[in-house]
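Engineer: Listed here are the chains, written in short residue letters.
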Amino acid sequence: MSSSAATSKGVWLLAVIALAAAAAVPPRSAAPAFYPDDPIWIDDDMALDASGVEPVEDTNAYDFVANTFGRMGERRDVGARNINTVGEVPDSSWFTNRVGRRAMTAGEIARGPDSRTSVSLDGWIVAGGKSAGVQPGFRMIDPSDGNQLYQIELDPPSNPEMATGAEMIGTAFYHAFGYATVEVYLAELDPATIVIAPTARVFDPLIGERRPLTRLDLDRVLRRGARQVNGRYRVLVSRFAPGQPLGNFRYYGTRPDDPNDIVPHEHRRELRGARVFGAWLNHDDSRGVNSLDMLVTDGARRYVQHYMFDFGSIMGSGTVFAQRHRAGNEYILEWRPGWLTLATLGLYTRPWLHIRYPDVPPSVGRFEGDAFDPAAWRPEYPNPAFQNMRADDAFWAARIVSRFSDEAIRAVVAKARYSDPRATDYIVETLIKRRDKVLRTWLAGVNPVVDVALSNDALTFDNAAVAAGLAEAPDGYRAVFSAFDNATREVRTLGETSGPSVRLAPPAGLPSAPDSYVRVAIAASGRMPQPSWNVPVHAYFRRTESGWTLAGFDRTPD
Amino acid sequence: MWFASRFLIGLVVCASATPAFAQLEPDDPTTRGEALRREREAKQLVLAPYEQNAAERLMHLAEERVVPLLNRDGIYARLGSLTTGSGFAYGAGYRDRSLLRGRGTFDVWAAGSLKTYSTVEARASHPIVPGEWATVEGFARRFGYPHEEYFGTGPDSRRDDRGAYDLHGVVAGGGLRIAAGRRLSFGVGAETLRPTADPADSHFVPSIDDVFDEADLPELGVAHRFTRTFANVTFDYRQPVNARRGGWYRVDVSQYDDRRSAAVRFTRVDVELRQYVSLLAERRVFAVRAKWSTTDITGGGAIPFYLLPALGGNDTLRGFRANRFRGPHALLLQGEYRWEIWSGLEAALFADAGKVAFRRPDVNLRGLESDYGFGLRFNTDNGVVVRVDAAFGSRDGKHLHVVFGSYF
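Taken in order, these protein sequences are the chains called A and B.
Count the first sequence with the numbering used here and you get residues 1 to 558, in order.
Count the second sequence with the numbering used here and you get residues 1 to 408, in order.
By construction, these hints were calculated from the structure, which means they are not laboratory data.
Cβ atoms here follow ideal geometry from the backbone N, Cα and C, with glycine treated the same way.
Treat the hints with care, since some could be wrong.
Said to hold, decoys possible - In silico DMTMM-like pairs for lysine to aspartate or glutamate, Cα to Cα no more than 25 Å straight-line: (1) B/Lys43 <-> A/Asp420; (2) A/Lys130 <-> B/Asp96; (3) B/Lys43 <-> A/Asp44; (4) A/Lys130 <-> B/Glu64; (5) B/Lys43 <-> A/Glu407; (6) B/Lys43 <-> A/Asp298.
Claimed, not checked - Not everything, but these chain A residues come out facing chain B in the computed CB check (under 7 Å): (7) Asn260; (8) Leu333; (9) Val360; (10) Pro362.
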């Protein structure tokens with residue numbers, strides 16, 4: 001017998017033994033589809049002590065190279081793994097449900113994370129240089145607020161009010177979406193009254209460590225900023241987040257030293273859905289290096305709080321210049337259009353080269369809504385979480401976007417305090433235009449049934465796309481009711497009902513025993529604006545003493 | 001065999017992974033919160049610090065320590081070429097762009113190239129009026145270009161007549177620059193220029209005195225002491241600095257006097273026009289450059305060959321070696337079509353034409369030397385970082401240029 005044949009025989013023998021062993025193992029327990037506490041609305045990812053977490057600070061170059069040339073994270077068409085059983089994101093160190101779950105006034109949205117109504121830099125002291133980012137700036141402390149540390153940033157001379165305005169607007173929006181953001185304010189800095197703390201230091205790349213910060217260092221920073229006619233500078237004042245800086249998070253993987261971080265970031269709903277928010281606001285700079293992790297001490301426990309950070313490059317702002325034409329339309333490096341352009345000596349032209357931008361104040365930068373295509377929108381380079389975004393992730397985010405009324409958008413933009421009212425008007429108008437496109441793309445693109453409820457005499461729900469005025473109502477709806485076994489996940493059809501409205505009568509014979517479950521598959525019927533509305537969503541109800549409660553919801557069931 | 005084993009292994013894995021539904025074991029979690037907590041507790045047992053890989057460490061070093069050194073005040077790293085044909089140069093400098101209450105600048109640097117060229121330079125400027133529309137500046141430079149090439153003077157010089165010389169000396173001077181608005185500026189000044197050209201000691205190129213008669217090059221080995229007085233006017237409306245639109249026009253008039261013995265006295269006029277036209281969001285740029293240089297001997301003697309207008313090399317006629325043509329009068333015409341491939345990378349098609357002449361009337365469009373080619377440029381809005389140009393079509397054959405630094 002040849003050695004090859006002997007090896008082959010050995011492999012088969014091993015396989016048979018392994019299969020037999022697997023079959024002989026007693027049936028292991030499997031998790032039920034729904035636990036009694038489902039759906040959870042708080043994911044306590046601050047429970048375990050994370051004091052051993054070490055800072056991780058990515059560089060722009062590595063983040064670009066890794067995400068452009070590598071295949072970071074897991075790319076799989078699977079549902080988000082941190083959502084609860086009704087397809088929503090529970091509150092956690094990553095996300096706090098705000099406008100998506102409760103009504104917020106325009107004023108509340110515009111206020112964002114701010115704890116103060118305004119700040120004045122009178123009496124503040126320069127505490128050090130800025131550690132990262134292209135926007136010129138430095139750090140100051142407010143002695144009247146317990147020496148609270150703030151970061152001061154300036155606008156580029158070519159585009160006064162642009163970057164600071166973008167930061168103000170972006171912070172308010174991202175806070176309302178549900179992310180943690182730092183407090184930001186606008187203020188005026190008088191260079192003549194600057195006082196530098198004796199302990200102020202700045203990193204010096206020559207010696208590789210921090211050295212005392214001098215007035216000369218500050219003058220060099222100020223020289224890169226837009227000075228007003230009164231000799232002062234309009235500055236963004238960002239309050240440092242509480243805790244110990246840990247660098248940035250990544251849009252893939254988990255922190256290996258954080259016990260609470262168990263869901264790969266590319267499978268987090270709020271990071272996947274951030275693509276929708278990024279598209280709306282043209283946050284092309286939405287990448288790992290523009291995030292922030294802080295180690296927070298809360299009593300006896302220490303946990304990592306995750307922040308969205310640095311909104312200087314949103315809308316038409318490229319932070320230190322007006323946004324480039326490519327921004328939002330193409331990655332920095334996309335092979336096909338590049339090779340085509342090279343090979344055709346430039347005769348091939350990317351579509352975005354033909355976009356015409358209106359003549360607007362410099363504080364707007366380069367921003368428009370007519371050519372904007374939400375589905376084609378791109379950040380600066382591939383983002384693993386964005387690439388994993390599925391229709392249900394996008395729907396979740398789009399529904400949050402739908403909560404921003406025209407009034408709320410105007411209130412947020414007003415916070416930027418543009419001196420030219422044309423800038424305010426143009427940005428408001430463009431954001432409204434882009435919002436509507438976002439909703440048409442992602443809110444109406446899947447079966448938009450929401451807010452499902454079951455009582456003894458009615459199944460009620462809503463159609464988010466119709467409610468937002470994006471589409472005509474379909475001719476009707478149909479619902480298939482099935483008994484659902486929470487342990488085995490087997491389903492048994494009980495009956496079907498249909499009707500022209502969003503209120504349907506349930507079939508007779510629904511189970512009445514406590515803790516029994518029914519699954520209801522709901523889809524549009526007849527003529528409908530989108531063929532995808534014909535694909536049913538699945539709603540799961542648990543029988544309780546007080547009636548039926550929603551235990552689960554799946555917009556894109558396998 | 002390989003496939004069979006993989007198939008079987010997969011089968012076993014699948015069999016063991018398929019959930020067999022049954023009642024919960026007593027120690028199974030009973031709530032979602034408990035299930036999640038157990039998952040976290042399991043991870044807590046295998047925590048490990050994040051470790052950067054080599055690429056991350058390298059990029060960290062580059063981004064945090066190296067790149068900031070290039071554009072910083074204080075001690076900085078200087079990279080780029082020193083003169084046409086010097087090769088890549090590197091060195092260090094010290095600069096202060098906020099001198100005297102943030103208004104003046106001071107910069108001193110020293111660099112050497114891979115071809116052993118070297119330069120030490122100090123330069124300072126300071127505005128003298130409120131509004132900073134008038135600025136005085138002074139500078140001093142010591143240079144050593146040990147492998148310069150000379151092919152003879154005039155349009156009929158031959159490539160085979162290549163001789164190397166060592167040009168070295170010092171320049172020091174000062175001037176006044178007046179800005180008349182954002183675009184128009186005037187400059188006047190004077191400098192002392194002490195250059196000397198000596199035969200070169202080269203393994204690859206014959207020394208200049210082996211190729212040419214010493215009688216033809218009386219300035220060889222002579223330590224000249226020129227005083228150069230100059231005046232210029234510049235109109236600059238390029239956008240951005242690495243231009244995509246606008247123009248740059250300059251007229252420069254210089255008077256050279258040899259203080260050593262008043263043996264040489266001449267004037268030189270350079271007129272240069274650059275124009276940029278772009279389309280498609282400035283991602284396609286047509287750039288043209290015209291430069292006319294002329295000299296007049298107003299005293300006795302001859303203009304040292306190394307101060308004559310020259311053509312050839314990576315920034316003029318790219319199909320020829322550096323300073324391939326020298327003559328009292330010169331004309332250069334260049335055109336480029338640049339198109340962006342990706343952000344930060346441009347391709348270019350170019351054509352160069354030019355000639356040198358002994359007589360000013362001979363500076364015309366007849367008998368131009370020419371070349372054409374293709375290039376790639378890694379750039380930013382503020383300049384070209386590195387440029388690779390491949391030139392063809394000249395009577396001197398193909399030439400490849402790799403150049404660090406900006407271009408027209």
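Engineer: So, for every hint listed, does it hold in this structure?
Structural biologist: Hints, verified against the model:
| no. | hint | in the structure |
| --- | --- | --- |
| 1 | B/Lys43 <-> A/Asp420 | violated (54 Å) |
| 2 | A/Lys130 <-> B/Asp96 | holds (20 Å) |
| 3 | B/Lys43 <-> A/Asp44 | holds (15 Å) |
| 4 | A/Lys130 <-> B/Glu64 | holds (13 Å) |
| 5 | B/Lys43 <-> A/Glu407 | violated (46 Å) |
| 6 | B/Lys43 <-> A/Asp298 | holds (22 Å) |
| 7 | Asn260 | holds (6 Å) |
| 8 | Leu333 | holds (6 Å) |
| 9 | Val360 | violated (16 Å) |
| 10 | Pro362 | violated (14 Å) |
Figure legend: structure checked against the earlier numbered hints; hints not met, in rising order: 1, 5, 9 and 10.
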